[in-house]
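Please build the complete structure, drawing on both the sequences and the hints.
Here the protein sequences line up with chains A and B, keeping their order. Everything in the first sequence is counted per our numbering, starting at 1 for the first residue and increasing by one. Everything in the second sequence is counted per our numbering, starting at 1 for the first residue and increasing by one.
Don't take each hint at face value.
[What the hints assert, rightly or not] In silico DSSO-like pairs for lysine-lysine, Cα to Cα no more than 30 Å straight-line: (1) A:464 / B:108; (2) B:401 / A:165; (3) B:165 / A:165; (4) B:165 / A:319; (5) A:108 / B:165; (6) B:464 / A:549; (7) B:549 / A:313; (8) B:313 / A:549; (9) B:108 / B:647; (10) B:165 / A:401; (11) A:313 / B:165.
It is worth saying that the hints were derived from the structure and are not from the lab.
Number of protein chains: 2
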Amino acid sequence: MRHIIVNFLLIFLFSSSGFSQHPPSSARIEWKEIAPGVWKGIVGTPDQITPLSIAEIKPRVEALTSLGNLPFPAQLNEGAAEVYDHSTNLRFPLRRGEEIYGLGLQFKSVKQRGTIKQLRVDHYGGADNGRTHAPIPFYVTDNGYGVLINTARYLTVYAGTGVRKDSNDPPPEMNRNTQPDWNPQPYSDAVEIAIPGPGVEVYVFAGKNAMEVVQRYNLYCGGGTLPPKWGLGFTHRTPTLYSDQEVMNEVEQFQTNGYPLNFVGLEPGWQSHAYPNTFVWDSTRFPHPDQFVSELLKRHIRINLWINPYISKYSPIYKEITPYTGSHTVWVGEVPDFFTPQARQLYKQLFTAQHLDIGVSGFKVDEVDGYDSWLWPDVAKFPSGTSAEQMRQVYGLQFQKMTYDWFREKNERTYGLVRASNAGASPLPFVLYNDYYNHRDFITALCNSSFIGVLWTPEARSSKTAEEWLRRMQAVCFSPMAMLNAWADGTKPWSFPEVEKQVKDVMLLRMQILPYLYTTFAQYYLDGKPPIRAMPLVEGFSYTAKAEKTQLHSSDNPYATAVVPEVKDQFMLGDYLLVAPLFAGDTARKVVLPQGRWYDFYTGDYVGDGEIIEVPASLDHIPLFVRDGGIIPMMPPLLYVPENGEKVALTLRHYGEAGSSAYLYDDDGTSFNYENGDYSLVKLTVTNEAGKLKGSYSTVNAGYESGYRYFSWEFMTK
Amino acid sequence: MRHIIVNFLLIFLFSSSGFSQHPPSSARIEWKEIAPGVWKGIVGTPDQITPLSIAEIKPRVEALTSLGNLPFPAQLNEGAAEVYDHSTNLRFPLRRGEEIYGLGLQFKSVKQRGTIKQLRVDHYGGADNGRTHAPIPFYVTDNGYGVLINTARYLTVYAGTGVRKDSNDPPPEMNRNTQPDWNPQPYSDAVEIAIPGPGVEVYVFAGKNAMEVVQRYNLYCGGGTLPPKWGLGFTHRTPTLYSDQEVMNEVEQFQTNGYPLNFVGLEPGWQSHAYPNTFVWDSTRFPHPDQFVSELLKRHIRINLWINPYISKYSPIYKEITPYTGSHTVWVGEVPDFFTPQARQLYKQLFTAQHLDIGVSGFKVDEVDGYDSWLWPDVAKFPSGTSAEQMRQVYGLQFQKMTYDWFREKNERTYGLVRASNAGASPLPFVLYNDYYNHRDFITALCNSSFIGVLWTPEARSSKTAEEWLRRMQAVCFSPMAMLNAWADGTKPWSFPEVEKQVKDVMLLRMQILPYLYTTFAQYYLDGKPPIRAMPLVEGFSYTAKAEKTQLHSSDNPYATAVVPEVKDQFMLGDYLLVAPLFAGDTARKVVLPQGRWYDFYTGDYVGDGEIIEVPASLDHIPLFVRDGGIIPMMPPLLYVPENGEKVALTLRHYGEAGSSAYLYDDDGTSFNYENGDYSLVKLTVTNEAGKLKGSYSTVNAGYESGYRYFSWEFMTK
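What follows is the structure, given as structure tokens:
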């Protein structure tokens, strides 16, 4: 696809720094359509190193074409750009009432208009300033377009905060002395962006609605990732110093106690040295890693290995790689420069021999995000000449792409964890996580992941109470990776006996919905629709509430700053399932239902129609709702995902009264053959004839012989 | 002084961005001595706009000379610099055990080694990331030197965090799996600094100890400020919409109730429009401002006016100034570009006519710091061509200098408030404040102000309890500005009847120590010694405690990060008085006494010798201690500071048993005539002959006929 990207008129203006009465004026950006509904503009002299170039994106042209053509979003013609004082500055207009989403993996809010973000790879530390694990410089608005700033610089985005003298739609001047509705944040009519570099590439994505914009973004990046089927089961990370035998015992306990388990994560102790890393098995705890891995595979359990990329002097490749590492160390480990082919090759050889060749299924790539005091400083240098800033912005992304390619070469899918990402990551099979552990904010991050082509897991580690444990385990089972991370605490799913049954129930429910979940991920690949969907991406959703005035307080709130209400604690999983997690302490919660009739997932009962309902908190269930006509294909509560070709009986649940149709996707679950059409797609149809529901199905694509058999329809709404 | 600054060898190195196995090497900095014990180095092509150029510093060459010569700090010869990827990068070595102080007005810690700060003008918001009101790029170490990076860029300082491969003193590699003392923050041997610009000026200040380094810094900047005498009395800011009559009533209440009051601050309501500002009196609340101000002056009360610099369309100078304002507004007010002579002249004319000419004594300059969402964005442009970043870094500093010059022209001192400052501010008569209102952190900021040539007030606004009110009022009375800021709450000193007496006591004590306080400020001017002194600046102070290991926790503390103990809640006021504030809820507190014998201020009793003592919390007093031989000249508890020439009887308190001598400074209290030697300096001497203490005094400088009379000695220690 890169060959069809036409570079074109380079527009930039070095400002005069001379003294004048007017600031130098800025220039318009020239846009060139590079795919249906996708445009590119170039300002100044863009850097060579960008997230999209690191991700080596391969746009899914066919899928983009089938989304159809749209005109260039008219309001962006008012955009302006210039290069000034070592900074590239951009401005894009906003309209009254227009809302902005995206701008990286944020934890506090879904609505981003009125915020300022310095988008920078870092551990999210609770300060809502733009430093986050996936500071993807992409925003979507509800006016039918999205903007991607394809830069590996620490850019600052003023998402509707600055008020210009020359605004066409200026706010009125107020007198705080006499006007009680004086506003500390006057209306701003533009997004303004400062990129500390000599130029930048900008992409615009159009869409009939926010979802279609996101689809185009994901498809342009290559389509969303389709994880291996086993990746969507349950995963448990064992305590860091466990030996092979202790891990085997843990696996056995899951199986004898009836808890599903599909892959196990080993934490730093699997290595001979860690923090920094040898990447070599520890011979005391894991004397026979090949036997250990194959023994687990026999039990349908894959292995994921924790690493961070920083290399120990005791690693077998240390001497060879040290010329290709940066000037600064991380925990005294050297930092490979993966822009050098030598570093890439050395890691590939070592990881292939030590891990891939014996059946390791993937990695957890830790600490590629920060914190500042542990990562290389901005003054660090790398042998390839890549700046420290750019290296930081893409290090996690680059590591994902590199390891993904190792697995691709074997035609084997992987599914791992990573703590930093960037634009272009949609096709990369990695899930983000962190140490922040605020449950509500974890769910907001889950919502926000859907705008920017990344996956996020609100992993469970441990909890203060049984109730909190249950709430965390319930929510994580409706995320891209259902994970218990017991690295430090040794928690088990059954660690809180009061909620043991409910935890098992939700883990088994995760397994039951696997056919629905896998089909939802296939949509991510085929259509670019993210599996988790924040409510603004959902058809029929609307929630308009006015900013709420707050009380002036001399020290706590000296400007009486208003609060913007928003829906950031519920989301859709796929086309039909609305998930409304409960949090420790909740006795009830509000759920905002999009337009149309909605039904309770567990009972099929009608709950409401485009309204806000109040749901009492029950320990038994996480609140789940299904849209009228929703079809959820479910399998039995197996303890592991079916292997390739394994026969499985499916129940096709239908909710409500509407006739409808849905798809059921399947493939071998582990290879990339689906990219060549080797998959099965079945159309499920329900008709309502004079009040009588009837289900049928027909094959749409038969490139794979699915093990899904014995379909039985279950009409949940009586 | 600027003419003796010799520019010299320009050392910089544009890195090759080509691919090589070794990062481009960096170059040494060439240092040139520009005053005794002060050196300058130039890297790359420094910006024209710097804090020192804005402050137009006039080094006090004589005072620097009398401090004597010192060799260049040897370890800094290992420093290195280079310009690379649009950034100027510096490195200065650190030694084992060396501690770093300064780096801006910080609120959380006094020790800065091991921290990372992006020094950026902003409202301090509780995140310890370098964003603060006075992000002064100056650090002092206890190895006898300080380093100033004279830049108006958003620089990042890695104060001993980065660990280089090529370090001469590298930390050992550890294995977290097997070594329980694995350290998440390995030893770093350098300060590294990234300045986003093409070059920078660096200054080095030597000293026999940290205090002498700070003295050289302050003297090089022109010497510390000497406030008008009335500025050291008590000040009260009245509720924002008070009328002239309400202010007069408030003043009367202070006087009839026996509370001292020396200047009153009017908040936004004095103006016809505010947020943005007309800078013109409101004719309904203040129909006759000239009569109002002169009536107050008759009662010994000065007036300070709140402003922020952003101008309303209703201001009489609006039409003339608008060509000289920036592209973006703040609360819809335009932002004058004071790099244009037109904007300076228009403000000077308006402020002179409206305020200075009728006797207004100074300003409170609000909101020149941030928050980000209110200030101009980094993409803003200004008619002078100054970048938004540089404008932000120096706006508060420039406003201080500009208004200070207006008063200097009238040979009249001012003393005001400001919310942003930068390097070179030592001579500027402004005190920093903010909205953060954490009492403990306010005291840490007070300590930290002493390293960087700024003043800070832990102002009292309101409190939840009487105890908190008392603790805040006690502490603020031992700060550079004893202020009650009732703009929103209408609090009075007597608002909490339970502590009414104790509040009055400490306010009157503030007045009693005025001769000591004024002499202490004179030291700031004459010798560069700051009036408030963090403990590391105090002779004989030592406190070495090992970093404390913390408990690993999977989510709260996943790296078991150690905590560095430090003394950040006590300080010296001048040479003799150790202040140990109490905080709401304290039942006792620890006080770390420097070497030597120490005495209770109130009783004269011996309390300890170079040790840590525990002091019970009493409502009656803020704990104060005096060094052996300490001499504290005190005046009667007047309600206002003496006017020029007014006769005042002094009690000269002596503590302990040691013979000693101290100075007592005086001048007219309002003009700059002291700069020409028109001041009085009296040497106070106590001898101890065979256990018998005897006091005497002698005139050292008689350039002013002081009103201090009738000296009586009081030997406090029996």
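Has the given pair, residue 464 of chain A with residue 108 of chain B, been kept, meaning a C-alpha gap of at most 30 Å? holds, 29 Å
Does the structure keep residue 313 of chain A and residue 165 of chain B at a Cα separation of 30 Å or less? holds, 12 Å
CA of residue 464 of chain B to CA of residue 549 of chain A, is that 30 Å or under? Measuring from Cα to Cα gives roughly 23 Å; hence the hint holds.
Is it true that the CA of residue 549 of chain B sits at most 30 Å from the CA of residue 313 of chain A? holds, 26 Å
Please verify whether residue 165 of chain B and residue 401 of chain A have alpha carbons no more than 30 Å apart. Since the Cα atoms of residue 165 of chain B and residue 401 of chain A sit roughly 27 Å apart, the hinted pair holds (cutoff 30 Å).
Quickly compare the C-alpha distance for residue 108 of chain A and residue 165 of chain B to 30 Å and report which way the hint goes. violated, 38 Å
Tell me if the straight-line CA distance from residue 165 of chain B to residue 319 of chain A falls inside 30 Å. holds, 13 Å
Measure nothing beyond the straight line between the CA atoms of residue 165 of chain B and residue 165 of chain A; if it is 30 Å or shorter, mark the hint as holding. Roughly 50 Å between the alpha carbons, so the hint for residue 165 of chain B and residue 165 of chain A is violated.
Straight-line Cα separation of residue 401 of chain B and residue 165 of chain A no greater than 30 Å? Given that 30 Å is the threshold and the Cα spacing comes to 27 Å, the pair holds.
Is the straight-line distance between the alpha-carbon of residue 313 of chain B and that of residue 549 of chain A 30 Å or less? holds, 26 Å
Has the given pair, residue 108 of chain B with residue 647 of chain B, been kept, meaning a C-alpha gap of at most 30 Å? violated, 44 Å
Checked against the numbered hints above, the structure breaks hints 3, 5, 9 and satisfies the rest.
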